[in-house]
Structures are given as structure tokens and as C-alpha cells.
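Engineer: Okay, here's what each chain looks like letter by letter:
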Amino acid sequence: MNLVPHDSPAQRVPVEERLFSLVLALLATENGLTKTEILSTVQGYRQAFKRSGDNANLERKFERDKDDIRELGVPLETVQAPGDPGNNQNLRYRIPRGAYELPTDISFSAEETTLLNLAAMVWREGSLSAESRRALLKLRSLGVTADEPVIGYAPRLRVRDAAFEPLSAALDRGAYVRFAYLKPGEAEARVRTVAPLALVQHQGRWHVYAEERDTGVPKTFLLRRIIGAVVATGETFEAPEGDASARALRELEEVWNGNTAVVEVEPGSDAATRLNKRRGTAVAASADADHHLLELHYSDANIFADELAGFGPEVLVHSPDSLRDAVRSRLETTAADHG
Amino acid sequence: MQAQDKLTFLLSLVPYLIERDRVSVTEVATHFGVRPEQIRDAVRLIAVSGVPGETTTYQSEDLFDIAWDDFEQNDQIVLTNQVAIDDSPRFSAREASALIAGLQYLSSLPENADRAAIASLTSKLSQGASAMPSPVAVEDSETDATLALIRESVSSGVQLQFDYLSSRGDGEQRRVDPLRVESVDADWYLRGWCHLREAVRTFRLDRMSNPVVTTEPISHNAADVTLPDTLFEPSADDLVVTIDIAAAAEGLLADYIPDGAQRSEHDGRVRTSVRVSHYHGLKRLLASMPGVATVVGPPEARAAVAEWAAAGAARYRS
Chain A
168 MNLVPHDSPA QRVPVEERLF SLVLALLATE NGLTKTEILS TVQGYRQAFK RSGDNANLER
228 KFERDKDDIR ELGVPLETVQ APGDPGNNQN LRYRIPRGAY ELPTDISFSA EETTLLNLAA
288 MVWREGSLSA ESRRALLKLR SLGVTADEPV IGYAPRLRVR DAAFEPLSAA LDRGAYVRFA
348 YLKPGEAEAR VRTVAPLALV QHQGRWHVYA EERDTGVPKT FLLRRIIGAV VATGETFEAP
408 EGDASARALR ELEEVWNGNT AVVEVEPGSD AATRLNKRRG TAVAASADAD HHLLELHYSD
468 ANIFADELAG FGPEVLVHSP DSLRDAVRSR LETTAADHG
Chain B
9 MQAQDKLTFL LSLVPYLIER DRVSVTEVAT HFGVRPEQIR DAVRLIAVSG VPGETTTYQS
69 EDLFDIAWDD FEQNDQIVLT NQVAIDDSPR FSAREASALI AGLQYLSSLP ENADRAAIAS
129 LTSKLSQGAS AMPSPVAVED SETDATLALI RESVSSGVQL QFDYLSSRGD GEQRRVDPLR
189 VESVDADWYL RGWCHLREAV RTFRLDRMSN PVVTTEPISH NAADVTLPDT LFEPSADDLV
249 VTIDIAAAAE GLLADYIPDG AQRSEHDGRV RTSVRVSHYH GLKRLLASMP GVATVVGPPE
309 ARAAVAEWAA AGAARYRS
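Protein sequence lines correspond, in order, to chains A and B.
Note that my numbering has the first sequence beginning at 168, numbered continuously upward.
Note that my numbering has the second sequence beginning at 9, numbered continuously upward.
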């Protein structure tokens, strides 16, 4: 038995059938198909194609479909007609097989599949959840069954910063963006125009590493200090060579290493337990039996002061003075606000 | 599923079926983690799809085909004709970067301790992507010693013992049958059967000290215990506290604001309520948000925060 695709224009072809048929048609063609060929022959378009008439709606649908397909990582390319460059009507579309298919030498073991399942789970609520869901489908396509994990994990990265989504889109498109940024100690947010190069998470906080358009100097901005919307300016840039995210993390790490605080913690308190477990914590050289002094690293004095203030009387900051003052004034503010 | 997900599913299902001469609908459904009906719908669509072909009219040789009797009578899938597709699709740049950043986030897991293996996995994801993965990265962390002990205790079927300081400030030794490890951003939790409380409890990893794998066998494992989906369970004993918070910071307290809480906004400040199990947690939380959030009532809650902050400030005057 063989079913012939529905021919009646009255019958609606589901979107996924149209997209699937478009991918199949463009994979099957060596030389590419023109837009007219696609609209008049491919399932889902041909039903609505008018031989002599206006196909503007259908053309718009095709434009949207192309974007949707490319977003999935399908390399839908356009080829100029050899004798007639610049003529849009003669542009040809195709999907080159080599760029579409996963290279045959890439395979994943059961153990690797287990790890990738977990990696995808990390984003189940986050802004990359659609991407990780689709990545898993493609992974399953390879037919490998994951190992049964020893213990169940439910990891979760929730990106709370509204700026993450527009910045990550701008990153992929190489688009300049504009946002208002409130630097601690400054009374008002200042508008920055930057080329975003990387989004990195350091010590649980998201940062964007970006080059300021006017100075060309790369800087790191904390997403939670971005006020209001991130707007694309409409200009684009060419991403520079090199691993921007590694560079961004290296710079953040240097800042973190360079900032050292000495704090005294109440033995047996929540502060003692948790600050001891913080990455990079050491017992300070000046500690003795009566004074539990810890040496801690931090990247941002204002955020670290908030964190330390939460421990109330369990923590006494010894140095630096600026951090000591910051924690003290925070505690005084809270006491006054609740007095 | 959205149309893009459905398309990805179709493009992933076809190569999987090509690799198998015959496979049951239930097996495919289990492998892809979807309902059997979704597999049947997809197979019905694939079986009538194809390319326009030389005639541009979708002749039967230009279409996929299946053994219909096997499909309709035995729920088995046998592809009898294939067109256009041979292999699985590449990952998109964003898909690859989501997986890579996810692996980096999980770098403290004992499963990820073999850094060379993780590096090779990351490079395979990059090579398997249709474009350079987007530069989204998470700081690398060392393998967590406590997580390694949790794993060891589960694989040997014995209880884990540790000192635990509750958020009320009480320290006790606990013995626990580990059930699941969860995380939210930078915070990691163990959920397990607590032999002291004889109930399922959630423990913050950074409040655990001196963890030891015991020789005492576990009495509960993950298969017998249904864990609630949410990490923080509301309880009838919870205290409700009214707060004022800067509108921009409201998200920071989202976990504590109960569904359907009253909310009003005035001059950039939001008045709403949060639910806490006791004031010990509340005072710590509020003291870490100076000038951003204030307790309006009840008076005991205000007093708890005021005392906590005043005691902290007093240490700087001596």
C-alpha cells in the first residue's frame, strides 16, 4: 500500500510536514532549487501555489521556514546562479549533505550519553531548554542507550537574569547591543554600547564579556547590574579569533585571586561551616585557638559584602578595611530599617 | 511539541529507523522517551513523505515507505524505501554550546572526574555542530569530595553519616540513605532518608561536615521513595511574612513567594508575602539584602531581623 500525498488545496498540510518536505527536497538536490521550483513543487507549498498570480504570502512563509530550519543547525545555503549573479529570482537553495550530517567518525559511548543526558537536564528550566531538548533528540538518533546512573541527579541552572536571553541571541548573530549598566557606587545607570563576545558563569553569577564600541576595550559586565532592556542596535560585528569565553573566565579568576579578605567566624556557626566550604578558603596565618580566622577570595566587593552581612554576628571582617566598612554599614542599614 | 521540535524529531527518527531492519513502536518510544502514539504519528507522516523527484509529482519511488501490514497489525516498523536522508543531523551551534556549558556546570560530579574524557567529549560536540558553538561557558570546578562519598555510599548500599547544621543553627549527627542529588545554580543538595528523623529530608551540601561512608546497610532506596518534584515543600506550619522589596529584586525571593500571594506595587517597591519555616532563615536572607527588602510584619519577624543585624553591627564597635 502506498499513500499519495494529499493534493487538494483544501486539505491543510501540517507545518512539520511542510518543513520536513522542504529539508528532504533540499537535501536531495545537487544544484539547488529556485524559489519558484520550491513553491510550486514541494509538499505544503505547492497546494497554495498560484501559477499565474501573486504568491507573496507563500514567499513570506518560505522566508520564515528558512529561518526556522537554520535555527535547528540545518545548513540551508543559497547559491548564486553562475551566469546571472545578483538576480534574486535565480538564487538556488540547497542543503549540502556533508555539512548537514553528523560526521561518521563521531560517536558517543553509553557512558558519554549518560553525561550528555545530565548536561541537557541542567537547562530544563533555563533559557537554553529548547536547544538541549533538541540536542537530546539528535543524540537519541544515534541509537545509543545511556547507562543506568548510580545515583539520580537533578541538576538545574536557572538563569534569572532577563538580560541573558537577548545577549545570547546577540552573541550568535554578532549584533551590537545597548543596555543601561549600574556600576556600584554610581548614582545612575550609564548606557553602554558593546559587542558581546561571551557569556560566562563565574561563582554562580552570569557575566557578559564585551567590547565597548567606542573604545574597543573588552570589559566584563555582571548581568544582574544591567537595568532594563538589552536592545540590538542593528549593527553587526565580526567575532574576533580566539576563545573569548576562556579569556573571560581567566580574567574573572585573576580578579577573584587578587581579592583576599580575612574574616573571623564564630566556631560551629553556619558561617564557619559554609565559608569553610567555599572554594579557595584557607585558615589565615594569624588564626589561633581563640580566633577562627579564614582567608577568603571574592570577585565583587559589593556582592561579597551582602553575602557576609547575611551571617550577622557570626562573621567579623578584619580586612580589607573597605570590606569591613561595607559589611558594617549594611548591617546598620538593616537594623535601622527594621527598628 | 512545537513545529521545530517535531521536525527535529522526524530528522532524528529516520536515521534511527534506517539503522534497524525491524523495531517495535514501544521500543522506539522508550528510547526516545515519548508516547507510543507520537511514534505512530511520526511514522505515518514519514511513510507518505519524500521528494518531488524528476517528475516533481512525488511518485512512489520518491517517497519513504514502510511495511504497512507489520505496522498496522504488529506495531512493528520496517522501512522498505528511504529517500534523501542517511545519517543523523549535526547539532546546531547553540545546541552544542548548551551541552558543553551543561558539562562544565557538572564538573564537580565524580562522574566527570576524568577531565581528559570530558575534553574529548567537548571536542566531539564542537566537531558535530554545524557551526562554532556559541561562547557560553561555566567556570570549571574541582570534583566535590562529598559528592564522591555520596556516590560511593549508594553504590555500596550503605548509609552516609555526617554532621549537619540546620538553618535554625542546631548541629546534629545524621545517618542518611542518599536518594538523589539536586542543584539550583551554585547550591547543591542531597535528598535522602534520614534515620534520625525517620523521614525524607533535604540537606545542603555546604552545611554538611565530616561525611563518612558507614558499613550500615540502607533501608530505603530511590526506587521505593517518591520524592516531590520541588526542592522546598510548603508546610502547614510555615510562617507568612509581609515584605517590601525593590521591584527589580523581586525575582531573588521568587522561591519564597507562595502562589497567589497578594501583591501591590508602589514607587518601584513591591509589597507581597513570603513563606518561611522559621525566622532563623528569614533574618539571614533579609540581612543579605540590605536596603533592598524590608519586613513589614508581623512584629516578631521585624524584631528577629533587627536583632540579628544589630548584633552583627555591634561586633564592629567593640
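Errors might be hidden in some of the hints.
In silico negatives: residues of chain B with every beta carbon more than 10 Å from chain A [to be verified]:
no., residue
1, Leu-19
2, Arg-183
3, Ala-319
4, Arg-323
Chain B regions said to be covered by chain A (calculated; three or more residues, Cβ under 8 Å) [stated by the list, open to error]:
no., stretch
5, 92-101
6, 108-115
Source of the hints: derived by calculation from the structure; they are not laboratory data.
In this text, a Cβ means the ideal position worked out from N, Cα and C, and glycines have one as well.
Engineer: Each of the hints needs a verdict: does it hold here or not?
Structural biologist: Hint check:
| no. | hint | result |
| --- | --- | --- |
| 1 | Leu-19 | violated, 7 Å |
| 2 | Arg-183 | holds, 17 Å |
| 3 | Ala-319 | violated, 4 Å |
| 4 | Arg-323 | violated, 5 Å |
| 5 | 92-101 | holds (count 10) |
| 6 | 108-115 | holds (count 6) |
Violation of the numbered hints given earlier is confined to hints 1, 3, 4; the remaining hints are satisfied by the structure.
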